[in-house]
Amino acid sequence: MIETLPALLAGAVLVAAFSIIIGLLLMGFDRIVAARMQARIGPPLTQPFTDVRKLLAKENVVPENAIPWLFNLAPIIALASAITILFYLPIGGFAPVLSGGGDLILVMYLLTLPALALVAGGFASGSPYATVGAQREMVTMIAYEFPLAIVVVAIAWRLAAAGISLPFSLATIGANPVWGLVGPLGAIGLLILLIVLLIVTPAELSRVPFDTPEAETELAGGILVEYSGKNLALFSLTQGVKTVAMASLVVALFFPYRLAAIAGISGFVGAVVDLLFYILLITLVAFISVSVIRVSMARFRINQVVSVYWIYLAIAGLAGLLLVMVDQIMGVV
Amino acid sequence: MKIPSSFNRSLWVFHLNTGSCNGCEIEIVATITPRYDPERFGIRLVGSPKHADVLLVTGPVTKKMAPRVRRVFEQVPDPKVVMCIGTCGQSGGVFYDSYNLDGPIDQVIPVDVYVPGCPPRPEAIVFGVVKALQKLERLEAEQ
Ligand code: SF4
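Chains V and D, in that order, are what the protein sequence lines are. Counting in this note's numbering, the first sequence runs from 15 upward without gaps. Counting in this note's numbering, the second sequence runs from 3 upward without gaps.
There could be a bad hint or two in this list.
Claimed, not checked - Lysine-lysine pairs mimicking DSS-like chemistry, simulated, CA-CA at most 27 Å apart:
{"hint": "1", "chain 1": "V", "residue 1": "Lys244", "chain 2": "D", "residue 2": "Lys137"}
{"hint": "2", "chain 1": "D", "residue 1": "Lys137", "chain 2": "D", "residue 2": "Lys82"}
{"hint": "3", "chain 1": "D", "residue 1": "Lys82", "chain 2": "D", "residue 2": "Lys66"}
{"hint": "4", "chain 1": "D", "residue 1": "Lys82", "chain 2": "V", "residue 2": "Lys244"}
{"hint": "5", "chain 1": "D", "residue 1": "Lys82", "chain 2": "D", "residue 2": "Lys133"}
{"hint": "6", "chain 1": "D", "residue 1": "Lys82", "chain 2": "D", "residue 2": "Lys65"}
Stated by the list, open to error - Some, not all, of what chain D presents toward chain V, calculated at C-beta under 7 Å:
{"hint": "7", "residue": "Pro6"}
{"hint": "8", "residue": "Ser8"}
{"hint": "9", "residue": "Phe9"}
{"hint": "10", "residue": "Arg11"}
{"hint": "11", "residue": "Ser12"}
{"hint": "12", "residue": "Pro36"}
{"hint": "13", "residue": "Glu41"}
{"hint": "14", "residue": "Gly44"}
{"hint": "15", "residue": "Lys52"}
These aren't lab readings, by the way, just hints derived from the structure by calculation. From the three backbone atoms N, C-alpha and C, an ideal C-beta is built for every residue, glycine too.
Produce the complete structure using the sequences and hints provided.
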């Protein structure tokens with residue numbers, strides 16, 4: 015926990031700048047990797063930066079039948095809330111900026127905020143396409159929330175069952191990597207839960223195959239259809255920051271390892287090693303759950319999205335949870 | 003309006019059919035295949051005119067389409083480029099003496115680059131984009 019106000023502000027600014035830069039780089043990385051998988055060369059790594067610079071210089075159109083204040087406020091809220099998530103997640107070897115203030119439950123609530131801002135912006139744009147997109151976004155949100163909750167609860171339950179206090183706190187999860195607590199059966203359960211979380215991630219980020227709210231081909235950009243210029247740039251920054259946040263959550267829950275601590279490096283070099291290791295991990299997570307899935311699949315229909323999450327992934331998640339529980343009970347007996 | 007230097011490395015394209023025979027559309031789709039890979043230069047097809055920088059217009063503009071073409075053109079935020087793909091849009095092409103035309107395109111909205119051909123090959127469309135980029139660079143230098 016950082017005590018003084020100036021230190022807190024400096025930390026917040028640093029995290030914001032870091033997450034925006036890494037987020038855009040991750041998006042560029044995703045575009046290159048996807049292009050390579052389709053036997054193309056793909057854009058340069060810095061393409062998202064160019065796109066954002068161009069969007070910032072473009073005209074900002076507010077449609078006639080939009081609600082202007084809400085239409086303009088939504089992108090700002092979306093970006094701000096996406097950055098706020100990262101204040102509660104550990105970045106590399108650094109403790110979260112607001113580490114004492116919140117736990118996993120708060121992070122789960124914060125994760126819905128950018129999506130809610132997007133929904134508000136979609137409804138405020140006064141376009142039928144955006145309205146349909148906003149409704150789909152809400153349905154998607156309801157759909158993926160349940161498997162996500164199962165994963166979070168399973169890990170917290172395992173920590174609590176091991177007699178560790180404050181199981182929902184990210185510091186606790188970071189200090190006790192959950193893989194170390196379970197036996198072989200539990201490890202299989204955790205692996206299933208990890209896969210579930212990796213499949214929740216593209217929906218959280220509205221990427222193919224769960225990009226039904228944006229659905230370029232049928233809804234013409236859906237929820238973002240009326241956004242242009244500065245507002246669209248803010249939304250694409252949000253997209254990048256959300257990618258970092260979701261990948262960080264996966265890393266924080268399942269891989270809270272610090273290379274420097276394992277290798278016994280300390281001080282400044284250790285911090286740098288930790289940070290690089292963390293960037294490597296989130297790139298890996300983004301590669302699997304964004305690039306690979308999006309290249310290999312086509313878009314689901316909205317009703318399929320709901321059944322994928324509520325039926326298949328929920329069952330898989332519950333099976334994982336059950337395996338972890340059985341493992342714990344057998345371990346005690 | 004001032005053209006930012008990032009503009010010509012990040013062209014987002016919106017495609018508008020004003021009554022074409024679909025031949026030009028197929029060639030446009032061929033242009034964005036991995037063989038030509040325009041994403042190398044930051045070119046991307048977008049689904050909404052509000053996101054676009056380049057308006058690709060095909061077809062001879064029928065009477066019913068003319069007001070829609072104007073509306074879509076107005077919806078593209080400045081700065082913007084209009085490219086006319088296909089002979090139809092330049093002269094009416096095979097439809098030149100049809101009773102229900104309001105076109106060609108430059109009678110309805112201002113056009114920056116013409117790509118002739120019925121339909122033009124993907125190479126021609128790429129060449130048209132290069133011409134558009136050169137024009138943008140010239141405008142940038144003049145600023
Ligand atoms: S130019 Fe030729 S191919 Fe293109 S829309 Fe017109 S008639 Fe069809």
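Evaluated hints:
1. In summary, the hint linking Lys244(V) to Lys137(D) is supported, as the alpha carbons are separated by about 25 Å, within the 27 Å threshold.
2. The suggested pairing of Lys137(D) with Lys82(D) holds, with an alpha-carbon distance near 12 Å, which does not exceed 27 Å.
3. In summary, the hint linking Lys82(D) to Lys66(D) is supported, as the alpha carbons are separated by about 24 Å, within the 27 Å threshold.
4. Among the hinted pairs, Lys82(D) with Lys244(V) is consistent with the structure: their alpha-carbon atoms are about 16 Å apart, no more than 27 Å.
5. Simply put, Lys82(D) and Lys133(D) have alpha-carbon atoms about 14 Å apart, close enough for the 27 Å limit, and the pair holds.
6. Using a Cα cut-off of 27 Å, the hinted pair Lys82(D) and Lys65(D) holds, with the two alpha carbons roughly 24 Å apart.
7. Restraint check, Pro6(D) versus chain V: the minimum CB separation of about 4 Å is within 7 Å; hint holds.
8. Hint status for Ser8(D) relative to chain V: holds, with the closest Cβ pair at about 4 Å, below 7 Å.
9. With 7 Å as the threshold, the beta carbon of Phe9(D) comes within range of chain V, its nearest partner Cβ sitting at about 5 Å, so the hint holds.
10. Residue-level restraint check for Arg11(D) holds (minimum Cβ-Cβ distance to chain V is 5 Å; threshold 7 Å).
11. Given hint, Ser12(D) at the interface with chain V, holds; its Cβ is 4 Å from that chain's nearest Cβ, closer than 7 Å.
12. At its closest, the beta carbon of Pro36(D) sits 4 Å from a beta carbon of chain V; the interface hint therefore holds under the 7 Å criterion.
13. Annotation: interface hint on Glu41(D) holds; nearest CB of chain V at approximately 5 Å, less than 7 Å.
14. Interface hint at Gly44(D): satisfied, since its Cβ lies 5 Å from the closest Cβ of chain V, which is below the 7 Å cut-off.
15. Checking Lys52(D) against chain V by beta carbon gives a least distance of about 4 Å; that is within 7 Å, so the hint holds.
Checked against the numbered hints listed earlier, the structure breaks none of them; every hint is satisfied.
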